[in-house]
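Chains as they are written, first to last, in our numbering: chain Y, 11 to 450; chain V, 13 to 192.
Since the hints were made in silico from the structure, they are not lab data. Hints may contain errors.
In silico lysine-lysine, BS3-like type, Cα no more than 30 Å apart, as pairs [said to hold, decoys possible]:
#1 Y:Lys229 / Y:Lys113
#2 V:Lys114 / Y:Lys190
#3 Y:Lys238 / Y:Lys313
#4 Y:Lys190 / Y:Lys238
#5 V:Lys114 / Y:Lys238
#6 V:Lys114 / V:Lys85
#7 V:Lys85 / Y:Lys238
#8 Y:Lys229 / Y:Lys361
#9 Y:Lys229 / Y:Lys154
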Amino acid sequence: MQPTLATLKSRAVAALIALVFLLVAAPGHAQLRLDITQGVRDAVPIAVVPFGGQAEGGANDIAAVVANDLRMSGRFAPLERRDMVSRPTSGAEIRVEDWRLLKSDFIVVGRVEPDGDRLAVTFELHNVRTGASLLAQRLPSTEKGLRATAHRIADLVFERLTGIPGAFSTRIAYVAVDGKPPAQRYRLIVADADGFSPRTVLESREPIMSPAWSPDGQKLAYVSFESKVSAVYVQQLATGQRSRVSARAGINGAPAWSPDGRKLALTLSRDGNLDIYTLDLATQTLTRVTSDEAIDTEAEWSKDGQSLYFTSDRAGNAQVYQVRLDEARRAERVTFTNGYNARPRSSPDGKQLALVTLDRGGYRIGVMDLASRNLRVLTNARQDESPSFAPNGALVIYATREGGRGALAFASSDGAFQQRLSSDQGDVRDPAWQPFTTPR
Amino acid sequence: MKLMHVLAVAILSLTLAACSKPTKPDGTTAPPADSGAASSGLGGEGAAGAGAGASTSTALTPQQQALAAIQQKNVIYFDFDSSEIRSEFVPVVAEHAQYLVKYPTARVRLEGHTDERGSREYNIGLGERRAQTVRRALLAQGVADSQITTVSYGEERPAVEGSDEAAFAQNRRVELVHAQ
Numbered sequence: 011m012q013p014t015l016a017t018l019k020s021r022a023v024a025a026l027i028a029l030v031f032l033l034v035a036a037p038g039h040a041q042l043r044l045d046i047t048q049g050v051r052d053a054v055p056i057a058v059v060p061f062g063g064q065a066e067g068g069a070n071d072i073a074a075v076v077a078n079d080l081r082m083s084g085r086f087a088p089l090e091r092r093d094m095v096s097r098p099t100s101g102a103e104i105r106v107e108d109w110r111l112l113k114s115d116f117i118v119v120g121r122v123e124p125d126g127d128r129l130a131v132t133f134e135l136h137n138v139r140t141g142a143s144l145l146a147q148r149l150p151s152t153e154k155g156l157r158a159t160a161h162r163i164a165d166l167v168f169e170r171l172t173g174i175p176g177a178f179s180t181r182i183a184y185v186a187v188d189g190k191p192p193a194q195r196y197r198l199i200v201a202d203a204d205g206f207s208p209r210t211v212l213e214s215r216e217p218i219m220s221p222a223w224s225p226d227g228q229k230l231a232y233v234s235f236e237s238k239v240s241a242v243y244v245q246q247l248a249t250g251q252r253s254r255v256s257a258r259a260g261i262n263g264a265p266a267w268s269p270d271g272r273k274l275a276l277t278l279s280r281d282g283n284l285d286i287y288t289l290d291l292a293t294q295t296l297t298r299v300t301s302d303e304a305i306d307t308e309a310e311w312s313k314d315g316q317s318l319y320f321t322s323d324r325a326g327n328a329q330v331y332q333v334r335l336d337e338a339r340r341a342e343r344v345t346f347t348n349g350y351n352a353r354p355r356s357s358p359d360g361k362q363l364a365l366v367t368l369d370r371g372g373y374r375i376g377v378m379d380l381a382s383r384n385l386r387v388l389t390n391a392r393q394d395e396s397p398s399f400a401p402n403g404a405l406v407i408y409a410t411r412e413g414g415r416g417a418l419a420f421a422s423s424d425g426a427f428q429q430r431l432s433s434d435q436g437d438v439r440d441p442a443w444q445p446f447t448t449p450r
Numbered sequence: 013m014k015l016m017h018v019l020a021v022a023i024l025s026l027t028l029a030a031c032s033k034p035t036k037p038d039g040t041t042a043p044p045a046d047s048g049a050a051s052s053g054l055g056g057e058g059a060a061g062a063g064a065g066a067s068t069s070t071a072l073t074p075q076q077q078a079l080a081a082i083q084q085k086n087v088i089y090f091d092f093d094s095s096e097i098r099s100e101f102v103p104v105v106a107e108h109a110q111y112l113v114k115y116p117t118a119r120v121r122l123e124g125h126t127d128e129r130g131s132r133e134y135n136i137g138l139g140e141r142r143a144q145t146v147r148r149a150l151l152a153q154g155v156a157d158s159q160i161t162t163v164s165y166g167e168e169r170p171a172v173e174g175s176d177e178a179a180f181a182q183n184r185r186v187e188l189v190h191a192q
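The shape of chain Y in the complex, shown without the other chains:
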């Protein structure tokens, strides 16, 4: 991209803001932990044997990370360690008859070895029933990088066994709140998809909401009330550098990135009327998309970048609409089942929308197939919101309530199961799942 005067200027401003605003990169608290809330039917039994060359039960226990990832996917039921009768660390050491007795269909073994001043992790995946070796790789790593290597192994195992790329190496962004009203503290946090390694990227006494990942997974757009009114910011995660991209009079909300990463759809208000606009980040050109007296908000781009899905109550209650970004800008209603449908989020393939739907008295997460317009309700609590698809489309992360506090949860997009990612402190909400950072 050619830097224009406008981008140079906004970069200078961004650099200044970054200097003034020192962002905390200390390890956050509010660690998230996976709780199995419901047994998963048809989960594939798999044994992930503790890796050789490292102590069991440590923070970087590779097998534990891999087993947890696979469990989180809902498709696998890892064997408990106490049931393992041996600890093979290579394919040659596996006695398949032992693992057949334990009813494991697959087995993952491996070890960590020094590699010069670094480490190398070797792992193998075997089919217990046939004895066939399905995968064997050696991955370079470091002491600090062992968790990342473990997620990579989980990605590869998941892809080999399901045909779907694993998304365990990606991250999630969410908002954590502690303190009682009216004295609350808000933090924007980025953590690994399994909830580990939380890092606070912004902290404020005023609300923070609606984090949205850029398509390259390097930046977050979000809403912050730090100046006592809402404004939209874009923050580069690697450097902490951020810029305020919209602080117009009234509401500045609901940022959503265009698929090419060049524009943000935003909700702005004039005289209290919320409408959707697009903002070209390089040129600062603002284009109005909707003009209706209703609440129009929560825009989401279609995969081809040619239209926006959004929430509107123009028909009396909240429903999802689609507007084409052409001259006519005609909006067509997309949802018809249930009296409340809001916050549409596109699946990675663009074929489905996850949304909040009022289902039998509860606000729940639904997934709508855009071709058939069938809506499938995935969850069964009373206050579920903010769905966001995993980049492989297999899971939806969303916000729910548990014991009077906000918690995060996963549901499989086919509705087969839900699992909770609970926080050991504070209220957590507004999750957004990072896209794949490398093209696939």
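We have chain Y already, so just place chain V on it with the hints.
Structure of chain V alone, referenced to chain Y:
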């Protein structure tokens, strides 16, 4: 549970009253007696308060007294998914309007809120709609547009915690936050 809510609301009102404590230059050093006077002045006995105040150096100005009086009721509550001002709050809005008309340099910030149900950004819209309803009511009663600012917090800043109807009802609100 009910008691907790009442307490929470009482504490909140006190906090709000304290926050919007007049900070005029003529308040000088404002010893604790000043804020005490402001708080006890909430009893509504304006004449007595003024009489007592006249003999001391910490007298409240008429505007401060008027503000203290209307700040007893500075929250308008709404029905679920509604931005209509309920009849019981029409006089409350009128009192605030009268004050703002009488003191054209006074400013008010209308903070719109919703309960926690439904999606967050949509609730920002709903909170804004509530704030705008109150704004229009103030304008209709002669308040200048330049005296009013609005902000919507949606469900992000609840007045009370809780996921029951009692808590929801306390959280669906517009707070009128005054500055002189």
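Going straight from one Cα to the other, do Lys229 (chain Y) and Lys154 (chain Y) come out at no more than 30 Å? Roughly 23 Å separates the two Cα atoms, so the pair holds.
For the pair supplied as a hint, Lys114 (chain V) and Lys238 (chain Y), confirm whether the alpha-carbon distance does not exceed 30 Å. holds (27 Å)
Are the Cα positions of Lys114 (chain V) and Lys190 (chain Y) separated by 30 Å at most? violated (37 Å)
If you draw a straight line from the CA of Lys238 (chain Y) to the CA of Lys313 (chain Y), is it 30 Å or shorter? violated (34 Å)
For the pair supplied as a hint, Lys229 (chain Y) and Lys361 (chain Y), is the alpha-carbon distance within the 30 Å limit? holds (25 Å)
Quick one, are Lys114 (chain V) and Lys85 (chain V) close enough, alpha carbons at most 30 Å? holds (18 Å)
Is the straight-line distance between the alpha-carbon of Lys85 (chain V) and that of Lys238 (chain Y) 30 Å or less? holds (23 Å)
Does the alpha-carbon distance linking Lys190 (chain Y) and Lys238 (chain Y) stay inside the 30 Å limit? holds (19 Å)
Lys229 (chain Y) and Lys113 (chain Y): Cα distance at most 30 Å? Distance of about 44 Å is beyond 30 Å: violated.
Hints 1, 2 and 3 from the earlier list are contradicted by this structure; the remaining hints agree with it.
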